[in-house]
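Chain by chain, the residues run as shown.
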Amino acid sequence: MTPIRKIHSRTVVLPSSNIDTDQIIPGRFLTTTTKQGLGKQLFADWRYDAEGRPKPDFVLNQPAAQGCEILVAGRNIGCGSSREHAPWALLDYGIRAVVSTEIADIFRNNSLKNGLLPVIVDETTHQWLIANPGAEVTVDLEACTITLPTGAAVNFPIDAFSRYCLMNGVDELGFLQSQEAAIAAYERSHA
Amino acid sequence: MTSPKTMFEKIWDRHVVVPETADTPAVLFIDLHLTHEVTSPQSFQLLRERGLKVRRPDLTLATMDHSTPTRTSQVFGGEPIAIESAANQVRQLEKNCAEFGVELFGLQDPRRGIVHIIGPELGLTQPGKTIVCGDSHTSTHGAFGALAFGIGSTEVGHVLATQCLLQRRPKTLAIEIANRLAPGVTAKDLILAIIGQIGVAGGTGHVIEYRGAAIRAMDMEARMTICNMSIEAGARAGMIAPDDTTFEYLSGRPRAPQGAAWNEALAAWRALPTDAGARFDASVDIDAATLEPMITYGTNPGMVVPISATIPARAGDPVFNKALAYMGLTAGEPIKDQPVNVVFLGSCTNGRISDLRAAADILRGHKVAKGVHLLIVPGSQQVRREAEKEGLDRIFIEAGADWRESGCSMCLGMNGDTVPKGEYAVSTSNRNFEGRQGVGARTLLASPLTAAASAIRGRVTDPRDVLNG
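Quick mapping for you: the protein sequence lines, in order, are chains A and B. Under the numbering used here, the first residue of the first sequence carries the number 1, and numbering increases by one thereafter. Under the numbering used here, the first residue of the second sequence carries the number 1, and numbering increases by one thereafter.
Since the hints were made in silico from the structure, they are not lab data. C-beta atoms are modelled at their ideal positions from N, C-alpha and C, and glycine is treated no differently. Mixed in with the good hints there might be a few duds.
Some chain A residues judged to face chain B by a derived CB distance under 7 Å, without partners named [stated by the list, open to error]:
(1) Asn76
(2) Leu141
(3) Glu142
(4) Ala143
Listed below are the simulated BS3-like cross-link pairs for lysine-lysine, each with C-alpha atoms no more than 25 Å apart in a straight line [what the hints assert, rightly or not]:
(5) Lys322(B) with Lys55(A)
(6) Lys389(B) with Lys421(B)
(7) Lys10(B) with Lys171(B)
(8) Lys336(B) with Lys40(A)
(9) Lys53(B) with Lys5(B)
(10) Lys336(B) with Lys367(B)
(11) Lys322(B) with Lys370(B)
(12) Lys370(B) with Lys35(A)
(13) Lys336(B) with Lys389(B)
(14) Lys5(B) with Lys171(B)
(15) Lys53(B) with Lys95(B)
(16) Lys370(B) with Lys389(B)
(17) Lys35(A) with Lys171(B)
(18) Lys55(A) with Lys389(B)
(19) Lys322(B) with Lys171(B)
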């Protein structure tokens, strides 16, 4: 995993609340056996018409969205299915951080494990971001802040361990494996 | 004296391998890992890339359910699986399980079924266990007083490799359900009402414990329906304290403890329920007696109303109005009598034998309304056999239903069992998201009773109107 320190980008805004992981990547694409290449199916049913042509009114199909690495979503993104294909699709497309007032537990965990940064912000900051699509913002993982063009730097919460792993590009499996002695002892005492 | 603990705390504490600190999450031991074809290929690949083994194949069980066909000709008749990528996924699971020594209930295995149906059926799902699966409806197993939650594929890899997960301790939410459900009102209606009340993010960061008289009065299958949809309220897990109903269900099941081990287990299970005076982080009260059958009208399970109600209006809320536009429904209209094209009876929410019996009670002696496709998909092969033993399949077929082999099927349409674009489906499954049951499909979630009643009338029907008359 590539270490993350700062993400500086324009935002792309999807104001819908409760965007579920079925929208992020519909179930019919889950028959894949790899993580790669899911970006083209990201938001497939919102992004393409029945013939597979991009719908011009969908925000990701608009020129301003190209190259944006920060997705601002309406309240509570990532609910529903545990499919890790959702963060895989977002990352493969080029999104590196997702911002909302609430982020569903499993999607949040899955995102952290793949280097997609979940950024939970307060209501006021969220409303500003929703109202200002394309704003240039900086997410600073070291400082745990998101800085708006207004100069306001807003803190976001992130677990210390997840932050360490993301900043150093290390994955959690290595840490778990380093606990081998404790796991073996637990197994012996609970056999 | 130790301070009173919730059931969640007792199970959590017992499974902590390394306690959490400010810098690191807890290392939590997992007693049972269930896996299926959709969320595991990338996890086995991770093991392969790192040269790792499955640490505890004895605590791991694989089945195939999501992308598998439900037509008998494709399951048993040698006809190929129509979707090539689905067929490939099935083959990949067979290969992975053989390579890593994981027990697999393959396509033709009589024990195969939806992962959350077969765990309890086998007696593998037991009180006090930690249970995970790469599937959000793992919360189902909490009905036995287990701590059971869905994980992603990376975490599936972690459990395969180490039998442990890194977890921060979630908060607890008590949902106290007083009184009894009225006739014609089911566990499905109760959980839909709960989601309607607390919202689809109401349980985020929490483990729910369902408590109270209404829960105590329920059989295990109804309790599983309740816990199953905890995730639809945003909660990681839902739990119900084990009691004699639980123990009777488990007794004699093939993988439940037997003999002396059973008595030992029973003693431990009886100590699991939340102690008097234990504190929850939050609580909600519901009166079961006031509920009527519930049905969704929108594009998330929180958009739900009593079946006698009208579709709500929220002027000036573009997200709400977009959902109604997708559904092709109008605020202010009754939900009852809306025309129905498809009825789906099945899924890990309502694909158990009691669900099929409830539907059969309504369908017996009736015909499915003209133009309605009633698809009935048992949750497991065992449920299918039991239904056939009881003659429920005859009732279904005579009514004009399409009776299939087990699987997730039309709940998410991965296997090609889909609702056609623009059509209305009353479904006993768990998600009414846009496109969930097929591109452009319009899902109304309801109980098996409401689904069966709607199938024979061809429109959204209060099952009490049929039962009474």
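Hints, one by one, checked against the model:
| no. | hint | result |
| --- | --- | --- |
| 1 | Asn76 | 4 Å, holds |
| 2 | Leu141 | 16 Å, violated |
| 3 | Glu142 | 16 Å, violated |
| 4 | Ala143 | 18 Å, violated |
| 5 | Lys322(B) with Lys55(A) | 16 Å, holds |
| 6 | Lys389(B) with Lys421(B) | 36 Å, violated |
| 7 | Lys10(B) with Lys171(B) | 14 Å, holds |
| 8 | Lys336(B) with Lys40(A) | 40 Å, violated |
| 9 | Lys53(B) with Lys5(B) | 37 Å, violated |
| 10 | Lys336(B) with Lys367(B) | 20 Å, holds |
| 11 | Lys322(B) with Lys370(B) | 31 Å, violated |
| 12 | Lys370(B) with Lys35(A) | 44 Å, violated |
| 13 | Lys336(B) with Lys389(B) | 34 Å, violated |
| 14 | Lys5(B) with Lys171(B) | 13 Å, holds |
| 15 | Lys53(B) with Lys95(B) | 14 Å, holds |
| 16 | Lys370(B) with Lys389(B) | 28 Å, violated |
| 17 | Lys35(A) with Lys171(B) | 32 Å, violated |
| 18 | Lys55(A) with Lys389(B) | 51 Å, violated |
| 19 | Lys322(B) with Lys171(B) | 33 Å, violated |
Violated hints, listed in ascending order, are 2, 3, 4, 6, 8, 9, 11, 12, 13, 16, 17, 18 and 19; each of the other numbered hints is respected by the structure.
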